[in-house]
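A.B. asks: Keeping their order, the protein sequence lines are chains A and B. Sequence positions in the first sequence follow the numbering used here and run 46 to 516. Sequence positions in the second sequence follow the numbering used here and run 46 to 516.
Honestly, the hints are just simulated from the structure, not real lab data. Please note: incorrect hints may appear among the correct ones.
Examples of chain A residues lying across from chain B (beta carbon under 7 Å, computed) [claimed, not checked]: (1) Ala163; (2) Asp166; (3) Tyr169; (4) Pro192; (5) Trp201; (6) Glu208; (7) Arg212; (8) Lys216; (9) Glu217; (10) Ala367; (11) Ile378; (12) Ala423.
Since we're looking at a predicted model, the values are computed, not measured. Just so it is clear, CB atoms sit at the ideal spot from N, CA and C, and this is done for glycine as well.
Protein chains: 2
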Amino acid sequence: MNDSYLNFVNSPLGARVARSLGLPKPEVLRRYRADAPEFDGIVAVGAGPSPQLLDALADVVAHIGMTSVAHPGAGLWVPLANRHGLMTGRFEPAAPAGGSQARVRALVFDASGIDSSAQLDSLYTFFHDALRSLDQSGRIIVLGRPPESRATPRAWTAQRALEGVTRSLGKEARRGIAANLIYVAQGAESAVEATLRFFLSPRSAYVSGQTVRIGTAPATLPADFDWTQPLAGQRAVVTGAARGIGAAIANVLAAQGAHVIGIDIPSATAALDAAMRQIGGTALAFDIAAPETPAQIAAALDELGVDVFVHNAGITKDKTIAKMSAAAWRDVIDINLSAQERIDDALLEAGTLRNGGRIVCVSSISGIAGNLGQTNYAASKAGVIGRVQSMAPFLAQRGITINAVAPGFIETQMTAKMPLALREAGRRMNSMSQGGQPADVAQAIAWLAHPGSAGVTGQLVRVCGQSLIGA
Amino acid sequence: MNDSYLNFVNSPLGARVARSLGLPKPEVLRRYRADAPEFDGIVAVGAGPSPQLLDALADVVAHIGMTSVAHPGAGLWVPLANRHGLMTGRFEPAAPAGGSQARVRALVFDASGIDSSAQLDSLYTFFHDALRSLDQSGRIIVLGRPPESRATPRAWTAQRALEGVTRSLGKEARRGIAANLIYVAQGAESAVEATLRFFLSPRSAYVSGQTVRIGTAPATLPADFDWTQPLAGQRAVVTGAARGIGAAIANVLAAQGAHVIGIDIPSATAALDAAMRQIGGTALAFDIAAPETPAQIAAALDELGVDVFVHNAGITKDKTIAKMSAAAWRDVIDINLSAQERIDDALLEAGTLRNGGRIVCVSSISGIAGNLGQTNYAASKAGVIGRVQSMAPFLAQRGITINAVAPGFIETQMTAKMPLALREAGRRMNSMSQGGQPADVAQAIAWLAHPGSAGVTGQLVRVCGQSLIGA
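Please build the complete structure, drawing on both the sequences and the hints.
C.D. replies: In structure tokens:
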């Protein structure tokens, strides 16, 4: 739970030692705090030819009260910003040494109009000029159109190329800067706000190198909600809520206004009760793997219904396959994957999960890349990705979204018990040079659970600080 | 080009030193050699419920002259094998210590009938029993159905879970063992042979952790060809053929019977001429980035036409974006990406690339994951992925396939110049604990160029020894 190296190199003495020895100096990430403004400072805006998303962007920047500057390549920004009542000015590049220039909190580039590989040079010009102006824990957001929606192979190709740029920027920016790519479908411009807010906010501190698609979901995007309490009046279930990441999820959903129903195994009742008491939630003791549990959960929740269901509960029973017991295989698959399937079936059949609701599942980078000693766990977590992809079209008829988050190295009691060398490798092998916090996973889940995230479904988002480990 | 650590730990003294210090001991990979049998030894066959691909598998195993054993869970194999005239027997697990038991060359599991997460336990049983019997440089192949083709979310989920199992097996098997997953579409059973041969062969030594899809392409699967010289009578163009990976591609395509036309820049004419002379190929000096080149290439090739076009030429000009020159950005995008687009347009418009032909592009793991100092290169290589995805449906009308390979750390003159620490990290951070050879990339390209690979299109296959680095 405690990254002593991170603390050390951020102390006055440690910073000197690290500098003189050339050691990595992970940044203390700027994270969301209820007692600090979520949004402040300047967004620097860039754009390629024929940008199509500046209007939607200006709307959001105005709503959240940030100011902006326009790179010379984004000349269209100025009249738009004025129309949206947004304070704006001209971009002035930082001096090569950094230093005295006013720094910006976010670089946002509208690449939506790029339809050939040659036009990618507009990204070069913007990030070449602007990257040094970006603050610590700053944000890089590239906006594009889903490649497969483009009319020509060349436009598809150019939009697909954005991934390479964004991920490289995430790897070279350092200083706690996160870089992400958002593909906005034609017609989904009005559905971008919740996602843009998340990626501009300190809530997304440990989400980097990700590609997110926003589709059209006009039928289910609510007309209005309170941005400070977006889950007000909603009921959210979190499995495995007694401790660790599950408890963090419960906390964040409660902070956003939800009434949380925490589920955990009967042996964790005391911890679960305590966790739920803290947030005014409801504790339900269930073994999610028991065959009778899905019907019992549906019955327990039936009267009031559920708006958000977070499948977080999971276990590991690691062994190489030759040494793994049949029970270790079966239990991990059953608890991490099959139980989710049975519970969703019961809730959907009973109509307990309301139309327009949200399902969020916890996968893992092991489910993406596989892992030594985790054939069972990786199968279950890869299966979770399949669940999200397969259920999304089916649930869309009810306006329900289903998505997954895949945590990387997160500082928990579990990782605290890892051997030192493995733990250090896991912590440092990512663009943030540090592990994430349970709250980082929870904030990503809250974004996916948000009423404004109606256009996001069938997707997998890693919360891994852009971990090197992939597939 | 020379991995001295690999050589050292595989010497008698080095092996003792490595053992006593607990150092990793990368295996000397078994690679294809013209003077050794490509296929020999035993395939151990396993299956889940209702396997649908055993018939196709038996056909291939019989053709290549391997023998087989059936795991108790694959009882259907025995009568099938008999029908295909295949020598077969019962599987006997190796003793826990390994040792005296006859070892097998490949473990092949037919998971095509698995339609629920609980049925995944059949994979556990087979690999639990069989993994210790697998030889050094052995092969693990899991056969499934494309998840998105399944009728129910649960079947989709279970098929998707196979990726987690296969990738974990690749990471824990060590000893030079490669593990891959092949999804065979319904109706594409007759199109599996070229792909199964590749993944069973020492040709795929450095391809691990990959997922390949075989679709239906009956119209373009040739009735017959010579498996030892599948490209006999064909003309194959390779760009950047003077040296390195390009020269290796030219060699392998020539060894498979193709007449190779090597293209490289005029300044490399001497090297190109020498490389082409060795294989009886034709040398063409062109700067592929010059605007007039596409038409000139089309004109030069027009009379006889082309069957295979390999876009291999590429450059790097690495710098972090703030320090990168506009020319470094432009040149890398233009040579690595835009030039490919212009050349394909010219060849397709002129009909120079024959119907039923093959395009293979060289991408990179940088294009997948991004890389520090390579915003330009990663953009170009991510764009190549977009090219393959976007062109595939369009080219299918002509029976042309387009695919990409993404090399990981390959031992070349370029990597020999890297700083030691970076080079060692690149070499060891994969399941083979070593870099690949240019021939490994070339063999993967030859598989995609194969007339029998008509069902493989729009895909990206990494040649990276299951590098940790992903996206």
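A.B. asks: It remains to establish, for every hint, whether it holds in the given structure.
C.D. replies: Evaluated hints:
1. Ala163: holds, 6 Å
2. Asp166: This hint holds: aspartate 166 (chain A) lies near chain B, its Cβ roughly 6 Å from the closest one there, short of 7 Å.
3. Tyr169: With Cβ-Cβ at 4 Å, under 7 Å, it holds.
4. Pro192: Status holds, d = 6 Å.
5. Trp201: Holds. Min distance 4 Å.
6. Glu208: Holds: closest Cβ of chain B sits about 5 Å from glutamate 208 (chain A), inside 7 Å.
7. Arg212: Arginine 212 (chain A) check passes; min Cβ-Cβ to chain B is 3 Å, inside 7 Å.
8. Lys216: holds, 5 Å
9. Glu217: holds, 4 Å
10. Ala367: Hint holds; alanine 367 (chain A) Cβ to chain B Cβ min 5 Å, cut 7 Å.
11. Ile378: holds, 6 Å
12. Ala423: holds, 3 Å
Of the numbered hints given earlier, the model fails none.
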